[in-house]
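For reference, the chains in residue letters:
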Amino acid sequence: MAHISITVNGKRHEADVEPRTLLVDFLREHLGLTGTHVGCDTSQCGACTVHLDGRSVKACTVFAVQADGRSVTTIEGMSADGALHPLQEGFREEHGLQCGFCTPGMIMAAADLLQHNPDPSEAEIRHALEGNYCRCTGYHNIVRAVQYAARKMREQATVEA
Amino acid sequence: MITCKTSREIGGMGHPIKRKEDIRFIQGKGRYVDDIKLPGMLHMDIVRSPYAYARIKHIDASEALKIPGVVAVVTGKDLEKYNLHWMPTLMSDTQMVLPTDTVMYQAQEVAAVIATDRYTARDAKEAVRVEYEPMKPVVDPYKALEPDAPVLRTDKEGKTDNHIWHWEVGDREKTEAVFRSADVVVKEHMHIPRIHVVSIETCGCVADYDKVNNHLTMYMTTQAPHAIRTVIALVAGHLGLTEEKIRVISPDIGGGFGGKVPVYPGYVIAIAVSFLTGKPVKWIEDRSENLQADSFARDYHITAEMAATREGKILATRFKVLADHGYTDAAANPSKFPTGLFSIGTGSYDYDTAFMEADAVYTNKPPGGVAYRCSFRVTEAVHAIERLTDSMARALGMDPAEFRMKNFIKKEDFPWKSPTGWTYDSGDYHAGLKKAMEVIGYDDLRREQAEKRKKGELMGIGISTFTEIVGAGPSRDFDILGIKMFDSCEIRVHPTGKAIARFGTKSQGQGHETTYAQIIAEELGIPAEHIQVEEGDTDTAPYGLGTYASRSTPTAGAAAAVAARKLRDKARKIAAYLLEVSEEDLEWEPGKFYVKGAPEKAKTIQDIVFAAYTNHPPGMEAGFEATHYYDPPNLTFPSGAYICVVDIDKETFEIKIRRFVAIDDCGNIINPMVVQGQVHGGLTQGLAPAMYEELIYDEDGNILNGTLMDYLVPTAVESPRWETGHTITPSPHHPIGAKGVGESPTVGAPPAIANAIVDALSVYGITHLDIPITPYKIYEALKAKGVIED
Ligand code: FES
Ligand code: FES
Numbered sequence: 000m001a002h003i004s005i006t007v008n009g010k011r012h013e014a015d016v017e018p019r020t021l022l023v024d025f026l027r028e029h030l031g032l033t034g035t036h037v038g039c040d041t042s043q044c045g046a047c048t049v050h051l052d053g054r055s056v057k058a059c060t061v062f063a064v065q066a067d068g069r070s071v072t073t074i075e076g077m078s079a080d081g082a083l084h085p086l087q088e089g090f091r092e093e094h095g096l097q098c099g100f101c102t103p104g105m106i107m108a109a110a111d112l113l114q115h116n117p118d119p120s121e122a123e124i125r126h127a128l129e130g131n132y133c134r135c136t137g138y139h140n141i142v143r144a145v146q147y148a149a150r151k152m153r154e155q156a157t158v159e160a
Numbered sequence: 000m001i002t003c004k005t006s007r008e009i010g011g012m013g014h015p016i017k018r019k020e021d022i023r024f025i026q027g028k029g030r031y032v033d034d035i036k037l038p039g040m041l042h043m044d045i046v047r048s049p050y051a052y053a054r055i056k057h058i059d060a061s062e063a064l065k066i067p068g069v070v071a072v073v074t075g076k077d078l079e080k081y082n083l084h085w086m087p088t089l090m091s092d093t094q095m096v097l098p099t100d101t102v103m104y105q106a107q108e109v110a111a112v113i114a115t116d117r118y119t120a121r122d123a124k125e126a127v128r129v130e131y132e133p134m135k136p137v138v139d140p141y142k143a144l145e146p147d148a149p150v151l152r153t154d155k156e157g158k159t160d161n162h163i164w165h166w167e168v169g170d171r172e173k174t175e176a177v178f179r180s181a182d183v184v185v186k187e188h189m190h191i192p193r194i195h196v197v198s199i200e201t202c203g204c205v206a207d208y209d210k211v212n213n214h215l216t217m218y219m220t221t222q223a224p225h226a227i228r229t230v231i232a233l234v235a236g237h238l239g240l241t242e243e244k245i246r247v248i249s250p251d252i253g254g255g256f257g258g259k260v261p262v263y264p265g266y267v268i269a270i271a272v273s274f275l276t277g278k279p280v281k282w283i284e285d286r287s288e289n290l291q292a293d294s295f296a297r298d299y300h301i302t303a304e305m306a307a308t309r310e311g312k313i314l315a316t317r318f319k320v321l322a323d324h325g326y327t328d329a330a331a332n333p334s335k336f337p338t339g340l341f342s343i344g345t346g347s348y349d350y351d352t353a354f355m356e357a358d359a360v361y362t363n364k365p366p367g368g369v370a371y372r373c374s375f376r377v378t379e380a381v382h383a384i385e386r387l388t389d390s391m392a393r394a395l396g397m398d399p400a401e402f403r404m405k406n407f408i409k410k411e412d413f414p415w416k417s418p419t420g421w422t423y424d425s426g427d428y429h430a431g432l433k434k435a436m437e438v439i440g441y442d443d444l445r446r447e448q449a450e451k452r453k454k455g456e457l458m459g460i461g462i463s464t465f466t467e468i469v470g471a472g473p474s475r476d477f478d479i480l481g482i483k484m485f486d487s488c489e490i491r492v493h494p495t496g497k498a499i500a501r502f503g504t505k506s507q508g509q510g511h512e513t514t515y516a517q518i519i520a521e522e523l524g525i526p527a528e529h530i531q532v533e534e535g536d537t538d539t540a541p542y543g544l545g546t547y548a549s550r551s552t553p554t555a556g557a558a559a560a561v562a563a564r565k566l567r568d569k570a571r572k573i574a575a576y577l578l579e580v581s582e583e584d585l586e587w588e589p590g591k592f593y594v595k596g597a598p599e600k601a602k603t604i605q606d607i608v609f610a611a612y613t614n615h616p617p618g619m620e621a622g623f624e625a626t627h628y629y630d631p632p633n634l635t636f637p638s639g640a641y642i643c644v645v646d647i648d649k650e651t652f653e654i655k656i657r658r659f660v661a662i663d664d665c666g667n668i669i670n671p672m673v674v675q676g677q678v679h680g681g682l683t684q685g686l687a688p689a690m691y692e693e694l695i696y697d698e699d700g701n702i703l704n705g706t707l708m709d710y711l712v713p714t715a716v717e718s719p720r721w722e723t724g725h726t727i728t729p730s731p732h733h734p735i736g737a738k739g740v741g742e743s744p745t746v747g748a749p750p751a752i753a754n755a756i757v758d759a760l761s762v763y764g765i766t767h768l769d770i771p772i773t774p775y776k777i778y779e780a781l782k783a784k785g786v787i788e789d
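Those protein sequence lines, which keep their order, are chains A and B.
Quick note: the first sequence, position 142, residue 141 per numbering that gives the first Met the number 0, numbers continuous.
Quick note: the second sequence, position 123, residue 122 per numbering that gives the first Met the number 0, numbers continuous.
So that you can see chain A by itself, here it is in the shape it has in the complex:
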């Protein structure tokens, strides 16, 4: 057993875990944060995408011990203060989800993109989401959802500035 201390969505958690415990299992099984999903066993689908120190990672490809002392944000942390994140809003407004299984991972991957590229082109959005599979939407409205959020976040940034 290894002792770890991870900050998840702003809250610190201490736990003893088997060294082989995947971060995704730690989040889902130990912390009950089931918004992060598992869609594959080969790191392809991106359903498990979370942020580790602000960058998106596939939580099925990281051990919990590797997150020791670091900070993790999951989908549950995106609307922690009660207000929806512009991406969450965008996915609903633009019908960017159907079954919802890929959605948390999509939102986390897109959030990483928008942090580094506030005004991405359609091609840039598609490339940034290449590691996230969706079987329902055909991606068309996911692209629009990300564009919606990008617009909204730029507007908010201008207002604040």
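A hint or two may mislead.
Claimed, not checked - EDC-like cross-link-like pairs, simulated, lysine to aspartate or glutamate; straight-line CA separation at most 20 Å:
#, chain 1, residue 1, chain 2, residue 2
1, B, LYS312, B, ASP349
2, B, LYS28, A, ASP80
3, B, LYS483, B, ASP630
4, B, LYS454, B, ASP648
5, B, LYS335, B, GLU356
6, B, LYS19, A, GLU88
7, B, LYS17, A, GLU88
8, B, LYS409, B, ASP349
9, B, LYS36, A, GLU28
10, B, LYS28, A, GLU28
11, B, LYS173, B, ASP349
12, B, LYS453, B, ASP646
13, A, LYS10, A, ASP80
14, B, LYS124, A, ASP40
15, B, LYS28, A, ASP52
16, B, LYS28, A, GLU88
17, B, LYS497, B, GLU624
18, B, LYS124, A, GLU17
19, B, LYS655, A, GLU123
20, B, LYS17, A, GLU92
21, B, LYS572, B, GLU620
22, B, LYS655, A, GLU121
23, B, LYS19, A, GLU92
24, B, LYS278, A, GLU28
25, B, LYS655, A, GLU129
Claimed, not checked - Now the stretches of chain B that chain A is said to cover, found in silico as 3 or more residues with beta-carbon under 8 Å:
#, stretch
26, 31 to 42
27, 502 to 513
28, 730 to 743
Stated by the list, open to error - Here are some chain A residues pointing at chain B (derived, C-beta under 8 Å):
#, residue
29, LEU30
30, THR33
31, ARG91
32, LEU128
33, GLU129
34, CYS133
Keep in mind that the hints were calculated from the coordinates and are not lab data.
Note that beta-carbon positions come from the ideal geometry of N, C-alpha and C, so glycine has one too.
Since the structure of chain A is provided, determine the placement of chain B with the ligands on it from the hints.
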């Protein structure tokens, strides 16, 4: 144009209202089966066969059982004691739950391990030692029919070959006569490859058997919870688990597409283990197991022929099919025909002669198949007829659009009787294709293509004008275990005018919580946001056959409309009583009844519902509830006109979809936003087999691409930007004139893409390529034509 009869506030049919279910999904608050955690829950994992065909000599679980936390290892021999080692399939065949002596495909379940946590279960799975005696498998379906092929199903008494069934429809002699004397005949051999639905959530369950109360709660990824309850009662009834003691709950489902209709062995084993241990048992398959063992789709080998006059009039078609079902016919097929609705393959064209036949065989591959986003075998049929139509146009030297226009069934000829016995309810095929051609600029594209050809560039334009057949279905053609394929809706309106509606179907992403509420809002005038929709719990929902085959709107949607109309009739009586007029003096507008000529004298639906509980007419039953079970009089026949433009690189043969226009006709539209989303998703699932996906087996029956590393699911990068639109031809027999849309794009897209690619390559004399069409396949075909050298 979509016209709405209700206000935006009521949000009835035609309004693009935002989906209710999204609120929980975007915040990570969906509740999928793997999110369910019960006290004392055990975890199950499954040992699978590395061989496609082998005798099991010995299973040694001793090492596994030594691992702390391992509770049990279950084999077929254990299940045999309870007569649970085999189960029936929907096709009157039999499937192993766990084998007692022989495995029939690679990745077949061999034993189950149960442990206190998932990681330990996985350790135990690795520790189970199985000794096999491999045998030579039968992989090629044609070879399976050869006289010296080993007989695979030795469990079936008297079985002397691998043939499963023969099916035919149409007039063989007449068809042969037409073909003998026709001016022009074309023929293509095609394989519609074995593919997989790859819903992003895999399959799984939590079986929770309560020994004290002899009651089973089964949380599972199923598209048809009621049918599953009945199946469990039939399989386990002899153990005292009768239907009233079974509750099936289908929580949020992460995509189904037909793959969550079958009963997989894992579910049955989990129930058995929970029954024996008295503890909840969770089983969640991983992606590779899902790809390798769960039901496949398609895998039809088709020889398709068309006969026509020199002037371009279609006279007849003939199809011969070989269906590879794997080791058992476990088709999730609710129709009375073993080929499902393949007989829709005469297409959108007006001719009266056809003959189709099919034979199915056993091979050492996973059993199936499922109706992957299709009303079972419609995708295969549409691919065959639409590819063939292009080949015929080419043989005649006609433009494929002109050839189609010349042969379409005319709008005024509906209802139209097809040569294979269907009655198409309605359609306007000319309007659809005309619109698609206008949107894409067809004539200009053809001119551009001619220019490009002069320069040696490869550009192709492909059309598909398909007729779908959905909404299973009328009880004369459909049943599951003899149960007619109605679907149901129960509406309860509470005293304050807010409602709950329950259905026998189950959304897997289609947005039923929103669209069903819109249907009821349309009929009753209660705002959609005040109607809570619930599905997926057999204890509360009325009996229904589930969601697949685009049947939800045609059946449960109709049930919702009819149940709401029953309530409106009651509302009229109450309003007449409250307003002290006769019922005939009342006029309805969404949300209220008013007195003819005196619109200020009115009662809103909310007033009326309140009166139903507080002040209803003497002699009338109190309350405001209705239920309806809708057995459709006919299927519905959505249609579409799709046009695809591709550019192919002359050096690398990389295929680029430049444009794709999809004009769908699904009758009246409930929520245009949801319909468009369904079309986008379906088109991408049509693109997938057209260019990327195929489950490939080697001659020893090993799957060569059984993980997502090798099985190419299109991402946002491969998927083009889709252009969609619609024409509206309401279904004349459906209460709200809707037809169902979820499957049209999956069915219609592959031939449009294949036709575009073949069109580009037709300059080299290529008339057909099997899907998925990859750059490598093009390279091989051009090499075979001598166009390029090694
Ligand atoms: S579950 Fe992590 S990439 Fe699929
Ligand atoms: S919405 Fe279902 S997988 Fe993306």
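- [ ] Could you tell me which of the hints above the structure violates, numbers in ascending order?
- [x] Failing hints, ascending: 15, 28 and 29.
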